[in-house]
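With the hints as your guide, set chain X onto chain R.
2 protein chains.
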Amino acid sequence: MSNISSESLPPHRVVIVGGGFGGLYAAKELGRAPVDVTLIDKRNFHLFQPLLYQVATGSLSPADISSPLRGILSRNKNTRVLLDEVIDIDPERQTVQLNGGDVPYDTLIVATGVSHHYFGNDQWRDVAPGLKTVEDALEMRRRIFSAFEAAEKETDPEKRKAWLTFVIVGGGPTGVELAGAIAELAFHTLKNDFRHVNTAEARILLLEGLDRVLPPYAPELSAEAQGALTKLGVTVCTSTLVTNIEDDIVTTKQGDRIEHIPAKTVLWAAGVKASSMGKVLAERTGASLDRVGRVIVEPDLSLPNYPNIFVVGDLSHFAHQGDKPLPGVAPVAMQEGKYVAKLVQNRLRNIPTPAFTYRDKGSLAVIGHNAAVVDLGFVKFSGILAWLTWIFVHIYYLIEFDNKLVVMVQWAWNYFTRNRGARLITGEDLLLEGAIAPPQETTTTSAEKTPVNV
Amino acid sequence: MSNISSESLPPHRVVIVGGGFGGLYAAKELGRAPVDVTLIDKRNFHLFQPLLYQVATGSLSPADISSPLRGILSRNKNTRVLLDEVIDIDPERQTVQLNGGDVPYDTLIVATGVSHHYFGNDQWRDVAPGLKTVEDALEMRRRIFSAFEAAEKETDPEKRKAWLTFVIVGGGPTGVELAGAIAELAFHTLKNDFRHVNTAEARILLLEGLDRVLPPYAPELSAEAQGALTKLGVTVCTSTLVTNIEDDIVTTKQGDRIEHIPAKTVLWAAGVKASSMGKVLAERTGASLDRVGRVIVEPDLSLPNYPNIFVVGDLSHFAHQGDKPLPGVAPVAMQEGKYVAKLVQNRLRNIPTPAFTYRDKGSLAVIGHNAAVVDLGFVKFSGILAWLTWIFVHIYYLIEFDNKLVVMVQWAWNYFTRNRGARLITGEDLLLEGAIAPPQETTTTSAEKTPVNV
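Note that the protein sequences, when read in sequence, are chains R and X. Take the first sequence: its letters are residues 4 to 457, numbered as in my numbering. Take the second sequence: its letters are residues 4 to 457, numbered as in my numbering.
Here chain R stands alone, though its shape is the one from the complex:
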């Protein structure tokens, strides 16, 4: 065990792995503490993942929702940022092994999040991309806008219908937001842009395995959300499982009914699994993992027998509050990161820290123009007021790091014009009939994964 006392010289070394909400809030909280902080991430920026669906649907640019980690932390003189990947950890020697060498720690905070999970159907990865990274979002954007272009050129009515069918798998907040945004694109933004095809003929299907969308929310909000989606033109299919995705056909099972849906664009918003650091921690410390690979933590977010190793954010399975583990959402990660940062400072002063408690400030999800649902616990509402609440909360958290005034202007502009200026098809070669290239390989082990509702 390390010597955690305020007399220790040189300063106590805190190593944080992952610059998502959990890791970044821990780093910020430690910015003025008498410790040495090292933040390690594979990417040079923090990504505001809750708005990633707006990049995927052409409203915002990646840089609008990203902030360079060095910029955010440049004033914290006790903090260095390493752009590197963690390969392994050695809890006995207290080092983290990177591609570029070993980094010793006194306290280790792991916040590497989760990635997509295809429930054993990894072959769906190429045909149904998920939404976790900037590259994922640009790939979704490319597919969505390329599909309309392909439909415009298609002469076979069946194939055209398949190009105009968008299937979103998973009715959590990301799925709901994607479905709503694509509906707005098809029925409003793009309606005058094409000459051969009527984009209003597009079908947007939202598939959810449970019996309602937004399953973690109150049932009345799920009903509100489903109503708003339907009004927007989204076909919501609940209690519907995807059994196969192959050759541009999505096969679904609703009770006994099997359906084959021809669709060229399938987007994955269904499942997550822990990043590979979970497995590393389990092997090296004997910590237990849950069904999706998250690390089961103590009431203070540390690992059993390793009180100087903490896991925060989506990678953390915290089951000491309520009847379910805490959800994988940004507010949980932020609070966990801050908590551990305070605990580390308390320990240096020999002050005990009570167990972590999550303060749930509520849940929100946006469906579309003027439509959202908000559950603040003591009150639930939907409609334009919920939408304004959603906007306010997201702007508030966005500007916390890096005054993203631009996003506000962009949203105001988009709101009044219903325009989406960021609908560029970039990256891969231009789509020509049927020629959608497979996406870049999605890394399932990266340190940049940050919490998001799925």
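One should not assume that every hint holds.
What the hints assert, rightly or not - Straight-line C-alpha distance at most 25 Å; calculated DMTMM-like pairs for lysine to aspartate or glutamate:
hint, chain 1, residue 1, chain 2, residue 2
1, X, LYS162, R, ASP93
2, X, LYS194, R, GLU204
3, X, LYS80, R, GLU204
4, X, LYS234, X, GLU262
5, X, LYS156, R, ASP93
6, R, LYS194, X, ASP39
7, R, LYS156, X, ASP39
8, X, LYS156, R, ASP39
9, R, LYS162, X, GLU262
Quick caveat, the hints were computed from the structure, so don't treat them as lab data.
Quick look at chain X alone, frame taken from chain R:
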């Protein structure tokens, strides 16, 4: 020959190849004319190329300087946009051959622009990327910011110096703008972001083969620009030729002096050559090409013997005004596009059109914060007033298509904070020591190339 008369039914068909400044201004001008317009481009957006260097250096996002072509032209009910590539043309049958089939025309306007030119050293393409497309700009951005990250990790002082050396080849407007922006990054924006490396030790070298930067401008402005660059910290080497780029060494020749400069980042802003449509036109119509493959046009921008085929913008070599052909800049392309659109309408009404004349409204180039040079012909100036002129002109042209209010806000923000929020390293895998992947292959034959000063 087509029957160009106002009695012709169905309407006269105008096909425009390329959605850069030349093609787009032609299309806009024809939006209310009694003709059928087809605009063909490989990309789904118009790119405001004069600001592409701001994407490459992390100030703006691609979508800030791009506008979806369908969006720009959606109100022109006589206009359709085809996302496709031109393979060939048949001037006798009056058709354009696309990947997706043939398109007949009565009038053809070709505006496919130019691409990089490595003067016979195509092996430099991978080590010294140019700046013509959004992908090029993101690749430059990735290299520039990855270089600082690699320097931060590098322990060998010689290698670190190579990571901190940025060589820009070509002292035209793009080269000057890139050098100035990288100097601002190194000496201002990033100066507090790193812990091991002092970004102010960066060397930014601007190499120009002629005896001054901005060779097309008045000599006193070249001198002003060189002074401003030097003040910003850029090392300007004029009368300097690049003879080799290999193994992270740039070999230069200044008179008899040979120098070997270790540099990990080399950016190409030196030469252009015509897109492949030039060669196609020459083969099919017998038109003559100049030394870099541009098509030599008649005084009305048409081809000899083919009065219904026009070439506008950078691809056009117009030598009927002044002692040199018109330069490859956006204003020339805009005026040529508009001219041809008016000529087509005049012909339908049997009204003769005088030969094309370019109205030169002046030249401008920006060097950095508060520093630019402006030559309006009757007056030349530099400094903050020139910089404000530059901002005004660019905002004016940007908002013409697609009120890019966001760019104004972003610039205002960047100006006061000296921040650059778009400094994301995206796309290829994360840089790990030495592991900069080669860029995506640059297509030299695309229809999306639009005019820009180089």
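The hints, checked one at a time:
Taking the CA atoms of LYS162 (chain X) and ASP93 (chain R), the gap is about 30 Å. The hint is violated against a cut of 25 Å. About 53 Å separates the Cα atoms of LYS194 (chain X) and GLU204 (chain R), which puts this hinted pair outside 25 Å; it is violated. The suggested pairing of LYS80 (chain X) with GLU204 (chain R) holds, with an alpha-carbon distance near 20 Å, which does not exceed 25 Å. Proximity of LYS234 (chain X) to GLU262 (chain X) is assessed by CA-CA distance (about 24 Å); at most 25 Å being required, the pair is judged to hold.
Restraint check for LYS156 (chain X) and ASP93 (chain R): satisfied, since their Cα atoms lie roughly 22 Å apart, inside the 25 Å limit. For the given pair, LYS194 (chain R) sits about 20 Å from ASP39 (chain X) by alpha-carbon distance, which is consistent with the 25 Å threshold. Note on LYS156 (chain R) and ASP39 (chain X): the hinted pairing holds, with a Cα-Cα distance of about 18 Å set against a maximum of 25 Å. A distance of roughly 18 Å separates the Cα atoms of LYS156 (chain X) and ASP39 (chain R); the hinted pair therefore holds under the 25 Å criterion.
As the CA atoms of LYS162 (chain R) and GLU262 (chain X) are separated by approximately 60 Å, the hinted pair breaks the 25 Å bound.
Figure legend: structure checked against the earlier numbered hints; hints not met, in rising order: 1, 2, 9.
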